[in-house]
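A.B. asks: Line by line, the protein sequences are chains H and X.
Numbering-wise (the UniProt record's numbering), the first sequence opens with residue 1 and increments by one.
Numbering-wise (the UniProt record's numbering), the second sequence opens with residue 1 and increments by one.
I should point out that these hints are in silico values taken from the structure, not numbers from a laboratory.
None of these values were measured; they are calculated from a predicted model.
Cβ atoms here follow ideal geometry from the backbone N, Cα and C, with glycine treated the same way.
Warning: the hint list may mix true and false statements.
To be verified - Here are the simulated BS3-like pairs of lysine-lysine, each with C-alpha atoms no more than 27 Å apart in a straight line:
no.	chain 1	residue 1	chain 2	residue 2
1	H	LYS46	X	LYS304
2	X	LYS169	H	LYS308
3	X	LYS169	H	LYS330
4	H	LYS68	X	LYS150
5	H	LYS417	H	LYS354
6	H	LYS308	X	LYS176
7	H	LYS548	H	LYS255
8	H	LYS266	X	LYS308
9	X	LYS132	X	LYS88
10	X	LYS132	X	LYS100
11	X	LYS132	H	LYS46
12	X	LYS170	X	LYS100
13	H	LYS297	H	LYS255
14	X	LYS170	H	LYS330
15	H	LYS330	X	LYS100
16	H	LYS266	X	LYS304
17	H	LYS331	X	LYS170
18	H	LYS266	X	LYS150
Claimed, not checked - Partial list, computed: chain X residues near chain H (C-beta under 8 Å):
no.	residue
19	MET1
20	ARG4
21	LEU9
22	TYR13
23	ARG14
24	THR158
25	GLN162
26	THR283
27	ILE288
28	TYR290
29	ASN294
30	LEU335
What the hints assert, rightly or not - Here are the simulated distance ranges between beta carbons:
no.	chain 1	residue 1	chain 2	residue 2	range
31	X	GLN313	H	VAL300	47 to 57 Å
32	H	PRO143	X	MET1	20 to 30 Å
33	H	GLY20	X	GLN313	50 to 60 Å
34	H	GLN502	X	MET1	17 to 27 Å
35	X	SER297	H	ASP301	32 to 42 Å
36	H	GLY20	X	ALA309	30 to 40 Å
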Amino acid sequence: MVLVTSVRDYINRMLHDISGMKVLILDSETVSNVSIVYSQSELLQKEVFLVEMIDSISVSKESMSHLKAVYFIRPTSENIQKLRYQLSNPRFGEHHLFFSNLLKDTQIHILADSDEHEAVQQVQEFYADFVAGDPYHFTLNMPSNHLYMIPAVVDPSGLQRYSDRVVDGIAALFLALKRRPVIRYQRTSDTAKRIAHETAKLMYQHETGLFDFRRTESSPLLLVIDRRDDPVTPLLNQWTYQAMVHELIGLQDNKVDLRAIGSLPKDQQEVVLSSEQDAFFKSNMYENFGDIGMNIKRMVDDFQQVAKSNQNIQTVEDMARFVDNYPEYKKMQGNVSKHVTLVTEMSKLVEARKLMLVSQTEQDLACNGGQGAAYEAVTNLLNNESVSDIDRLRLVMLYALRYEKENPVQLMQLFNKLASRSPKYKPGLVQFLLKQAGVEKRTGDLFGNRDLMNIARNMARGLKGVENVYTQHQPLLFQTMESITRGRLRDVDYPFVGDHFQQGRPQEVVIFMVGGTTYEESRSVALQNATNSGIRFILGGTAVLNSKRFLMDLEEAQRISRSAISFTAINH
Amino acid sequence: MATRNRTLLFRKYRNSLRSVRAPMTESKSGVGPVIEMASTSLLHPKRSYTPISTEDPGSSSKGAVTVGLPPDWVDVSEEISVNIQRAKTKMAELGKAHAKALMPTFGDGKEDQHQIESLTQEITFLLRKSEKQLQRLSAGGPSEDSNVRKNVQRSLATDLQQLSMELRKKQSTYLKRLRLQKEDGGDLEMNLNGSSSRAEDDDFDDILFSEHEMSKIKKNEEISVEREKEIQQVKCFATLSSLHSNLLSLSHCVLCNLQVVESVNELAQIMKDLSALVIDQGTIVDRIDYNIQNVASTVEDGLKQLQKAERTQRSGGMVKCASVLVILCFIMLVLLILKEIFL
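Generate coordinates for the entire structure from the input sequences, incorporating the hints supplied.
C.D. replies: What follows is the structure, encoded as structure tokens:
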């Protein structure tokens with residue numbers, strides 16, 4: 001709740017003080033920030049009658065001086081240039097500039113220089129620089145997410161830009177929450193260490209006045225971790241509603257694009273899945289596929305009853321009642337058809353890709369032991385014709401991550417089989433993954449086989465049996481959260497930045513995962529928050545991953561590394 | 001949530017830069033390129049970040065943005081919002097009138113009925129007029145201005161829809177309560193006039209009510225008739241006049257009922273029209289980013305349509321006209337020649 005409400009509050013404040021007809025000008029990143037929390041009808045209520053992008057507005061020549069322009073953009077150099085151009089030929093009556101992050105002095109100077117017509121009324125910083133999709137989950141939607149996997153020497157300026165964007169996003173989050181945290185990071189990740197140190201520098205040195213908030217009894221904790229510590233979660237297939245939609249179809253800014261699936265009515269081609277606006281989705285987003293089916297059936301039955309009662313209209317009162325209830329009826333109808341379409345589509349995909357079979361093996365690889373049996377299962381599925389290339393790749397990757405050190409011969413056999421069967425497979429991708437996220441590189445106990453306690457727990461779980469084979473996997477994040485709750489997060493693995501220290505347990509924890517989060521982890525966080533353990537967790541990442549996106553990042557990083565290696569080889 | 005106001009710093013920079021820029025413009029309008037170059041080279045060291053305290057009073061020419069007059073459709077939209085405000089105040093009055101009419105009165109409820117009717121009519125008229133004006137707001141042509149118009153239209157349509165729903169709810173609750181009251185018409189504490197008018201009401205409410213209620217009303221009727229018999233003399237005259245008014249109010253209330261039905265129908269029509277304009281909340285159409293993308297694509301489509309229309313118009317009208325005229329010319333020429341030959 002807290003993330004969505006803070007962004008909404010910022011937007012409310014922006015629009016509230018300015019009276020009259022307004023036009024809201026956004027850039028390509030803030031448009032996601034705004035549209036995920038604010039709807040068009042709410043904008044209309046605030047008298048915002050036009051929404052434009054800052055790129056397209058430079059092109060048009062119409063002068064609309066009866067409108068007041070409210071700019072909400074990121075303070076990047078491109079945006080400042082575009083603003084300069086627009087301020088030199090102002091099209092609107094008034095200009096109110098709101099930036100979503102900290103402005104540098106030079107940027108203010110440039111703007112002041114170009115404001116010859118004195119068209120600018122105010123310049124403010126409103127720190128809504130993140131995309132708040134769910135109550136406790138945010139993302140930064142960064143395009144070149146793969147840069148965290150590349151060592152700094154290869155592309156130092158790219159990595160610097162990446163790190164700057166992340167630091168800006170985290171700073172904006174804490175400014176919106178009005179907190180200054182104690183920072184810890186994952187020791188084994190250079191990128192995480194760099195980001196943690198730069199954030200600490202920003203919050204405690206450069207802008208210490210801005211971050212000087214009222215101290216609460218226990219400071220909140222910012223934990224910066226790396227995706228490569230848990231490469232298993234993005235590779236798994238998901239079976240809970242929100243995660244499944246993202247995995248199979250793709251969820252971007254809470255929107256699902258169904259245009260690739262033919263023959264859908266026009267209003268179902270793009271749908272919105274937001275827990276704020278859709279009560280059914282809110283109660284079902286973390287349920288597994290079977291339960292969703294039943295709940296949807298119940299919803300359809302309810303709807304059919306309402307539809308039937310609307311059919312016999314005999315008297316004037318019935319007519320009046322129908323017209324009264326019509327908007328709700330229409331809304332219900334739209335909602336029902338949206339969920340039915342989604343679930344139908346996902347069932348079709350599950351059927352076509354034989355995901356039940358594949359996912360069972362995946363979950364076994366991720367959770368249970370037995371190298372021999374696992375090898376058998378993976379080989380069978382590789383031989384199976386109807387399993388798609390991407391699923392084969394995932395299976396081999398999961399096997400490799402788990403049994404990296406055991407039986408290298410069989411591992412090589414699997415690699416060869418994969419290369420021979422999948423023509424589009426880029427050779428060496430699995431090896432690249434192992435280099436990035438192999439057993440030596442990982443801090444946490446991913447498979448529960450390092451720590452004696454974890455081994456015992458796994459055995460107990462194996463004996464007890466699981467409720468649902470397909471959802472038995474718990475992301476590593478769950479264990480991390482548990483350690484924090486118990487106050488047992490090891491300093492060796494997750495050191496503090498500088499001389500920070502935390503007494504006791506924090507009450508608010510923000511976990512930032514460099515490289516991206518998944519909806520399974522977001523579900524884990526939401527369920528943990530629901531247990532009211534006294535600690536509130538917020539999860540954020542540079543992007544929201546599904547298996548396709550994660551593999552794309554790996555391929556991109558591999559390509560860059562290869563070209564860098566060949567470049568240095570040539571030069572020596 | 002934290003914010004930071006940079007306006008002061010911005011204004012400080014702007015003022016200092018303005019006074020730096022002003023001498024430069026003065027010298028530019030002066031002699032020539034030589035001096036211009038000199039002044040620009042001098043200017044850079046002048047561009048320090050410290051504020052210049054002495055401001056040039058006369059030379060600061062504010063290139064102020066001429067705030068032009070807004071386009072005429074803004075007047076239309078303002079008119080509509082004024083009408084909506086008026087309708088809102090009248091609805092408040094209507095609510096009060098409803099409450100007053102529902103209270104048990106000693107007198108005839110006729111003035112209240114009249115007032116209620118007139119208010120309802122006024123409100124429906126205002127809503128209808130606003131709706132017609134709203135249609136006028138629809139713009140043609142893909143321009144940014146048309147998007148603003150469309151959005152203004154949408155927001156006013158939402159308001160109108162809400163108002164009409166409120167009006168219908170008020171009307172239906174009023175009718176329901178009225179009916180309930182008339183059912184309890186056997187309240188013996190009512191005075192004679194009250195009871196007789198109740199009896200009248202009971203009579204023509206037969207048209208609306210079911211069997212069960214009719215028997216209850218009949219019982220009430222009997223009681224009131226008995227009481228009338230007791231006070232025969234006075235009531236003789238009264239019953240005559242009451243019968244007369246009975247007929248009138250019968251027709252009146254049938255009409256009244258018909259009017260209510262009519263206004264319900266009218267409002268249903270308005271709602272249907274408005275629902276085409278109003279955005280459904282929670283759907284994809286309610287998303288800002290979807291609308292921005294759509295605008296881009298519809299602008300392109302609109303441009304294509306415009307070009308096509310221009311082409312057809314050009315090809316259609318003029319060619320036909322020209323050909324008709326040419327043919328006429330030929331005919332006249334032929335006639336002239338024939339006239340010359342044969343005369």
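A.B. asks: Please go over all the hints and tell whether each is borne out by the structure.
C.D. replies: Status of the hints after comparison with the structure:
Distance check on the hinted pair: H/LYS46 and X/LYS304 sit about 33 Å apart at the alpha-carbon level, beyond 27 Å; violated. For the hint pairing X/LYS169 with H/LYS308, the CA-to-CA distance comes to about 23 Å; that is within 27 Å, so the pair holds. Distance restraint check for X/LYS169 and H/LYS330: the Cα-Cα separation of roughly 19 Å lies within the 27 Å cut-off, and the hinted pair is therefore satisfied. Distance restraint check for H/LYS68 and X/LYS150: the Cα-Cα separation of roughly 17 Å lies within the 27 Å cut-off, and the hinted pair is therefore satisfied.
Of the supplied pair hints, the one linking H/LYS417 and H/LYS354 holds, its CA atoms being roughly 20 Å apart against a limit of 27 Å. Of the pairs offered as hints, the one joining H/LYS308 and X/LYS176 holds, with about 25 Å between alpha carbons and a cut-off of 27 Å not exceeded. Proximity of H/LYS548 to H/LYS255 is assessed by CA-CA distance (about 17 Å); at most 27 Å being required, the pair is judged to hold. Distance check on the hinted pair: H/LYS266 and X/LYS308 sit about 26 Å apart at the alpha-carbon level, within 27 Å; holds.
Restraint check for X/LYS132 and X/LYS88: satisfied, since their Cα atoms lie roughly 18 Å apart, inside the 27 Å limit. With a C-alpha separation of about 33 Å, the suggested pair X/LYS132 and X/LYS100 falls outside the 27 Å cut-off, and the hint is violated. Between X/LYS132 and H/LYS46 the CA atoms are separated by roughly 24 Å; this keeps the pair inside 27 Å, and the hint holds. In summary, the hint linking X/LYS170 to X/LYS100 is supported, as the alpha carbons are separated by about 14 Å, within the 27 Å threshold.
Distance check on the hinted pair: H/LYS297 and H/LYS255 sit about 23 Å apart at the alpha-carbon level, within 27 Å; holds. About 23 Å separates the Cα atoms of X/LYS170 and H/LYS330, which keeps this hinted pair within 27 Å; it holds. Of the pairs offered as hints, the one joining H/LYS330 and X/LYS100 is violated, with about 36 Å between alpha carbons and a cut-off of 27 Å exceeded. Taken as a hint, the H/LYS266 and X/LYS304 pair is honoured in the structure, with Cα atoms around 22 Å apart against an allowance of 27 Å.
At most 27 Å may separate the alpha-carbon atoms for a hinted pair to count; H/LYS331 and X/LYS170 meet this at roughly 24 Å. A C-alpha spacing of about 21 Å is found between H/LYS266 and X/LYS150, which places the hinted pair at or below 27 Å, so the restraint holds. A distance limit of 8 Å between C-beta atoms decides the matter here; for X/MET1 the minimum to chain H is near 5 Å, and the interface restraint holds. Interface restraint check: X/ARG4 against chain H, minimum CB-CB distance 4 Å, threshold 8 Å, status holds.
The beta carbon of X/LEU9 comes within 6 Å of a beta carbon in chain H, closer than 8 Å, and the hint placing it at the interface holds. A cut of 8 Å between beta carbons decides the hint on X/TYR13: the least distance to chain H is about 4 Å, and the hint holds. Look at X/ARG14: its Cβ gets to within about 4 Å of chain H, closer than 8 Å, so that hint holds up. Because the closest C-beta pair between X/THR158 and chain H is about 7 Å apart, less than 8 Å, the hint holds.
With its C-beta approaching chain H no nearer than about 10 Å, X/GLN162 sits outside the 8 Å limit, and its interface hint is violated. A cut of 8 Å between beta carbons decides the hint on X/THR283: the least distance to chain H is about 6 Å, and the hint holds. Interface hint status for X/ILE288: upheld, as the beta-carbon distance to the closest one in chain H is roughly 4 Å, under 8 Å. Interface hint status for X/TYR290: upheld, as the beta-carbon distance to the closest one in chain H is roughly 7 Å, under 8 Å.
For X/ASN294, the shortest C-beta to C-beta distance to chain H is roughly 10 Å, which exceeds 8 Å, and the interface hint is violated. With a cut of 8 Å, the hint placing X/LEU335 at the interface with chain H is violated, because the nearest CB-to-CB distance is about 55 Å. Our hint of 47 to 57 Å for X/GLN313 and H/VAL300 holds, since their Cβ atoms are close to 51 Å apart. Separated by about 27 Å at the C-beta atoms, H/PRO143 and X/MET1 satisfy the suggested range of 20 to 30 Å.
In this structure the hint that H/GLY20 and X/GLN313 lie 50 to 60 Å apart at CB is violated, the actual value being about 39 Å. In this structure the hint that H/GLN502 and X/MET1 lie 17 to 27 Å apart at CB holds, the actual value being about 24 Å. Between X/SER297 and H/ASP301 the C-beta distance comes to about 39 Å, which sits within the given range of 32 to 42 Å. For H/GLY20 paired with X/ALA309, a C-beta distance near 35 Å keeps the hint of 30 to 40 Å intact.
Hint compliance for this structure: hints 1, 10, 15, 25, 29, 30 and 33 are broken, all remaining hints hold.
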